[in-house]
Structure formats: C-alpha cells, structure tokens
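Protein chains: 2
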Amino acid sequence: MMPEAEARLIAAFRKLPAVGLKTAERYAYAVLKMSRDEAESIAVAITEAKDKIKTCPLCGDYTESDVCERCMTADKSVICVVGEPKDIHAIEKLGTYNGMYHALNGLLDFRKGIGAENIRIKELLARLDGVKEVILATNPDIGGEMTANYIAGLIKPMGIKVTRLAHGIPMGSEIEYADEMTLGKALSDRKEM
Amino acid sequence: MMPEAEARLIAAFRKLPAVGLKTAERYAYAVLKMSRDEAESIAVAITEAKDKIKTCPLCGDYTESDVCERCMTADKSVICVVGEPKDIHAIEKLGTYNGMYHALNGLLDFRKGIGAENIRIKELLARLDGVKEVILATNPDIGGEMTANYIAGLIKPMGIKVTRLAHGIPMGSEIEYADEMTLGKALSDRKEM
Numbered sequence: 001m002m003p004e005a006e007a008r009l010i011a012a013f014r015k016l017p018a019v020g021l022k023t024a025e026r027y028a029y030a031v032l033k034m035s036r037d038e039a040e041s042i043a044v045a046i047t048e049a050k051d052k053i054k055t056c057p058l059c060g061d062y063t064e065s066d067v068c069e070r071c072m073t074a075d076k077s078v079i080c081v082v083g084e085p086k087d088i089h090a091i092e093k094l095g096t097y098n099g100m101y102h103a104l105n106g107l108l109d110f111r112k113g114i115g116a117e118n119i120r121i122k123e124l125l126a127r128l129d130g131v132k133e134v135i136l137a138t139n140p141d142i143g144g145e146m147t148a149n150y151i152a153g154l155i156k157p158m159g160i161k162v163t164r165l166a167h168g169i170p171m172g173s174e175i176e177y178a179d180e181m182t183l184g185k186a187l188s189d190r191k192e193m
Numbered sequence: 001m002m003p004e005a006e007a008r009l010i011a012a013f014r015k016l017p018a019v020g021l022k023t024a025e026r027y028a029y030a031v032l033k034m035s036r037d038e039a040e041s042i043a044v045a046i047t048e049a050k051d052k053i054k055t056c057p058l059c060g061d062y063t064e065s066d067v068c069e070r071c072m073t074a075d076k077s078v079i080c081v082v083g084e085p086k087d088i089h090a091i092e093k094l095g096t097y098n099g100m101y102h103a104l105n106g107l108l109d110f111r112k113g114i115g116a117e118n119i120r121i122k123e124l125l126a127r128l129d130g131v132k133e134v135i136l137a138t139n140p141d142i143g144g145e146m147t148a149n150y151i152a153g154l155i156k157p158m159g160i161k162v163t164r165l166a167h168g169i170p171m172g173s174e175i176e177y178a179d180e181m182t183l184g185k186a187l188s189d190r191k192e193m
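So the protein sequences, as listed, match chains W and C. Here the first sequence is numbered in the working numbering, starting from 1 and rising by one per residue. Here the second sequence is numbered in the working numbering, starting from 1 and rising by one per residue.
Honestly, the hints are just simulated from the structure, not real lab data. Some hints could be false.
Heads up, the list lumps identical chains together, so a pair's fine if it works in one copy or across two of them.
[To be verified] Below, a list of computed lysine to aspartate or glutamate pairs in the EDC-like style, where the Cα atoms sit at most 20 Å apart:
{"hint": "1", "residue 1": "22", "residue 2": "84"}
{"hint": "2", "residue 1": "52", "residue 2": "40"}
{"hint": "3", "residue 1": "122", "residue 2": "109"}
{"hint": "4", "residue 1": "15", "residue 2": "48"}
{"hint": "5", "residue 1": "156", "residue 2": "129"}
{"hint": "6", "residue 1": "54", "residue 2": "123"}
{"hint": "7", "residue 1": "15", "residue 2": "40"}
{"hint": "8", "residue 1": "112", "residue 2": "176"}
{"hint": "9", "residue 1": "15", "residue 2": "25"}
{"hint": "10", "residue 1": "52", "residue 2": "66"}
{"hint": "11", "residue 1": "161", "residue 2": "51"}
Required output: the full structure, derived from the provided sequences and hints.
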C-alpha cells in the first residue's frame with residue numbers, strides 16, 4: 001500500500017553504489033520530509049551534472065571546459081596514469097604533484113573482454129611527447145598490476161622512465177594486521193634509512 | 001579544479017541523511033559514470049515523489065490519493081499510534097495487524113518547543129469514535145515515552161483501552177550485551193510461562 005511514487009523513489013536510490021533497501025528507504029523518507037525546494041535542488045544537481053560535465057579529451061577527467069584547466073597548466077614533463085578520475089582527485093588533494101594526469105577510464109580485464117583497445121592507452125601514448133617520467137598509479141590489485149605491467153612494457157622501450165607508486169604497510173597501521181601480500185611487498189621493497 | 005557542477009552534485013548528496021563527503025563523492029562519481037537516462041530517472045523519481053505524494057489527512061502516512069487506501073479498508077476498532085510514517089511501514093511488514101494507524105509526525109520535545117499542538121494529537125482524538133483499543137507504538141526513547149504517557153493520560157479517562165508495545169531483550173540477542181535500561185525493563189515486565 002506504499003504510494004507508487006515512493007516505491008519508485010526507493011528504487012531510484014538503490015541505483016547508487018552500495019545502497020541497499022534500508023538505506024534507500026531512509027533517503028526516500030528524508031526526501032519526503034524535505035521542503036520542495038531542497039528536494040528539487042538534488043534533482044537539478046543530478047541533471048545539471050549530466051548536462052554540463054564531459055570528459056577531458058586529454059586526461060580523461062571530468063570537466064565543464066573543452067580541455068580541462070589542469071591539462072593546460074600542468075608540468076608537461078611528467079604524467080601520472082590512474083584508473084579512474086576519482087583517483088586523480090585523491091592525488092590532487094595531496095597538493096604535492098604538479099604534473100599531468102591520464103585516466104585510463106578502465107583497467108585490463110581479459111575475463112570481461114576488456115583489452116588494451118577498450119581503455120585509454122592509445123590516448124596515453126599520444127601524449128608522451130616531451131614526457132620524462134610516467135608514474136603508474138593504478139590500484140594495487142590484479143587488474144591494476146596487470147595494466148601497469150602492460151603499459152610499462154609499451155613505454156620503457158621508448159626510453160622514458162616508468163615508475164610505480166610504492167606498495168607497503170599503510171601509515172598509522174599495525175604490522176600485525178597487515179595482510180600477507182602487503183607485508184611481503186613491504187619487506188622485499190624495504191628502503192635503506 | 002573540480003567542475004562546479006560536480007561540486008554541486010556532491011553537495012546535493014550530502015543533504016541525504018548520514019551521507020558524509022566520501023559517500024557523497026562516491027554517489028557523484030557513480031552518477032557521472034551512469035547513462036544520461038539512468039541519472040535522469042533518479043532526478044525524475046525525486047521530483048515526482050514531491051509532486052505526487054501527499055500526507056493522508058486521517059493517518060498522516062504518505063499517499064497519492066486523497067485518503068489513503070489503508071484508512072478506508074482498516075479495522076476501525078483499533079488504532080496504532082506511531083511517531084513517523086516509516087514506523088507504519090515497519091509494522092505493516094509484519095503482516096499481522098489489520099487496524100488503523102495514526103502517525104503523529106513528531107514527538108513531544110519541550111526543549112525544542114514541540115508541544116501537543118505541534119504534533120497530530122488533536123487529529124488522533126478526532127478519530128476515536130468506535131475505537132476500542134489505542135496501541136501506543138512510539139519509540140522507546142525519552143520523546144517516545146513522554147509522548148505515549150501524555151496521550152495515555154488523555155485517552156484512558158475516555159474509557160478506551162490503551163496499550164504500549166512491549167519493551168525487553170531483543171529476540172536473538174544476548175542478555176550479557178543488553179543495556180541496563182532494557183534489561184531492567186525486561187525483568188520488571190517479566191511474563192509467566
């Protein structure tokens with residue numbers, strides 16, 4: 001006996017990542033209790049984002065311009081390769097990197113039929129003019145490692161330095177709780193003090 | 001350097017309950033990766049819900065009709081009083097109650113200046129014709145207990161039976177972990193087997 005529009009609102013919220021029925025119901029109730037204006041502002045933000053935001057043809061990040069501002073002002077001698085635009089924002093927040101970025105917008109996954117031609121590797125190779133270092137910052141999981149190795153294999157023969165983000169024990173964590181792969185990596189990659 | 005429309009989308013999602021920056025960012029990225037149609041369907045569900053759903057003048061639940069279907073078909077001899085419409089849905093899911101509901105759409109809170117005239121108590125008193133039992137199903141917290149006691153004080157003198165949902169140890173939980181108030185209540189309200 002729930003109003004159909006309420007059921008549709010709950011179903012809509014379930015399209016967001018990791019939102020189950022309970023959370024979707026909670027969001028729906030909140031929207032029903034909100035003022036018309038406040039609810040409308042959420043709806044408008046969603047449609048506006050889809051209308052205004054496009055992908056930068058160079059780095060693959062989201063932008064409202066034709067080419068994003070960062071691509072125009074960045075240090076052109078270094079490029080940091082990530083899986084998704086959200087990874088760019090994570091590194092940007094550090095405030096210590098001034099080079100270019102390149103979002104692959106995907107990772108190699110042969111089981112799912114995602115090959116080199118399905119992610120932005122060709123676009124990366126077209127941006128290497130004048131680049132002295134390629135930092136591979138894909139996630140340290142199977143897809144990220146495989147993609148990083150694949151790209152390194154293409155770029156190293158071009159005489160460009162290729163680096164990978166360090167893996168190891170997270171800062172502030174405890175060795176006791178590190179998983180075996182991480183601890184093994186931290187040991188083999190140990191640094192002289 | 002994040003697009004403004006993206007920042008506005010993140011801010012919009014933070015209006016939902018218990019959504020912090022990380023979660024709002026996650027939802028925003030998901031919307032940006034969705035098809036235009038799928039994102040639009042979320043926006044439409046929000047505006048449609050606000051356009052179509054109103055409050056039933058009798059029970060206070062959300063409805064698309066003038067009077068909700070449940071109010072028309074319910075057993076009129078018993079009425080279950082809850083704080084919010086979402087509590088109605090929780091009890092409805094049991095599938096064992098056929099009576100009327102009454103959402104107060106708020107609870108007494110004198111510190112916040114919410115008195116009897118600010119919640120739907122007058123509307124409840126107007127619905128008691130033919131009612132033989134009033135079940136007080138407000139939450140077992142300070143506001144819910146105070147509101148239940150206040151309403152019981154109004155209705156018991158009218159010769160109508162007033163009941164309260166049982167409090168006690170939750171099913172499937174362990175006595176060891178029950179808080180003192182709950183355990184105390186469970187002991188004093190113990191039932192003969």
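Problem set entry | Hint numbers contradicted by this structure | 8, 11
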